[in-house]
Amino acid sequence: MISCRRATEQISMALDSPLTWQARTQLRLHRILCPKCNRCAKQLQMLQRICHQRAQTED
Amino acid sequence: MTKSDQLSDLEQHFESVRPRLLAFARLQLQDFVQAEDLVQETLLAAFQSLEQFKGQSKFETWLFAILKHKLVDEIRRRSRQIVCEYDADKIVEVDQMFDERAHWVSGQQPKAWVQPESSYLHEQFWQVFDLCLFHLPTGTARVYTMRELLGFETQEICTSLGLTQQNVWTMLHRARLKLRGCLERGWFGQDEVNL
Numbered sequence: 001m002i003s004c005r006r007a008t009e010q011i012s013m014a015l016d017s018p019l020t021w022q023a024r025t026q027l028r029l030h031r032i033l034c035p036k037c038n039r040c041a042k043q044l045q046m047l048q049r050i051c052h053q054r055a056q057t058e059d
Numbered sequence: 001m002t003k004s005d006q007l008s009d010l011e012q013h014f015e016s017v018r019p020r021l022l023a024f025a026r027l028q029l030q031d032f033v034q035a036e037d038l039v040q041e042t043l044l045a046a047f048q049s050l051e052q053f054k055g056q057s058k059f060e061t062w063l064f065a066i067l068k069h070k071l072v073d074e075i076r077r078r079s080r081q082i083v084c085e086y087d088a089d090k091i092v093e094v095d096q097m098f099d100e101r102a103h104w105v106s107g108q109q110p111k112a113w114v115q116p117e118s119s120y121l122h123e124q125f126w127q128v129f130d131l132c133l134f135h136l137p138t139g140t141a142r143v144y145t146m147r148e149l150l151g152f153e154t155q156e157i158c159t160s161l162g163l164t165q166q167n168v169w170t171m172l173h174r175a176r177l178k179l180r181g182c183l184e185r186g187w188f189g190q191d192e193v194n195l
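These protein sequence lines are chains A and B, in that order. When we follow our numbering, the leftmost residue of the first sequence carries the number 1, and every step to the right adds one. When we follow our numbering, the leftmost residue of the second sequence carries the number 1, and every step to the right adds one.
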């Protein structure tokens, strides 16, 4: 299984570009087994969403 | 309200927002003088198109939107002229989040957030957010802002700043984890701290 650090790298990368099938599978498995990284993923996704919302309201 | 009242009102508005506009422009350009020029242009443009300000958004938000467009133009124009230092020494802080087996260190583990997603509606949230952002190393903050607030794709960030794709991914990863931790302490975990 990939490490937490590697998992967070992939969580971040997935916010910028689609992951490869292999990376996606590794990350999915890690998130099922690691509540901390799963939480981290949700939080980083939410931060991206609210930043985009902010950027849009400024347009 | 007389014309001169309106003008002095406007002047006051401009002066109160100017430092924040300037800080934001400096973060993106690093060039002090140019940042000031751009803010000046922004205020001038705002003044010339005051009738377009419908008042549906906050005045400050409207000024930021104008500045943002100017910054995007400027960054694109200067593409490849700006060289962004890749400050490897600052990686240490993210290193401290993980132990030698690359697992979360106990104090750094993401905690449940008590504030809802609608936080973005709070002016105060963005003050905390900006503070966290300004605590990041300049290069990291710039890359993050370009990506998440100015809407650049990573490829364009690479070209503009002369960084490799891997550099940009590393910087974004670092920025996001540090911001996450900073916001958890400064906003999302607040109630927990108070208990």
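These are computed hints drawn from the structure, not numbers from a lab. One should not assume that every hint holds.
[Stated by the list, open to error] Quick list of in silico lysine-lysine cross-link-like pairs, DSSO-like style, CA-CA up to 30 Å: (1) B:K58 with B:K70; (2) B:K58 with A:K36; (3) B:K111 with A:K42.
The hints, checked one at a time:
1. Among the hinted pairs, K58 (chain B) with K70 (chain B) is consistent with the structure: their alpha-carbon atoms are about 19 Å apart, no more than 30 Å.
2. Taken as a hint, the K58 (chain B) and K36 (chain A) pair is broken in the structure, with Cα atoms around 37 Å apart against an allowance of 30 Å.
3. Taking the CA atoms of K111 (chain B) and K42 (chain A), the gap is near 11 Å; set against the 30 Å cutoff, the hint holds.
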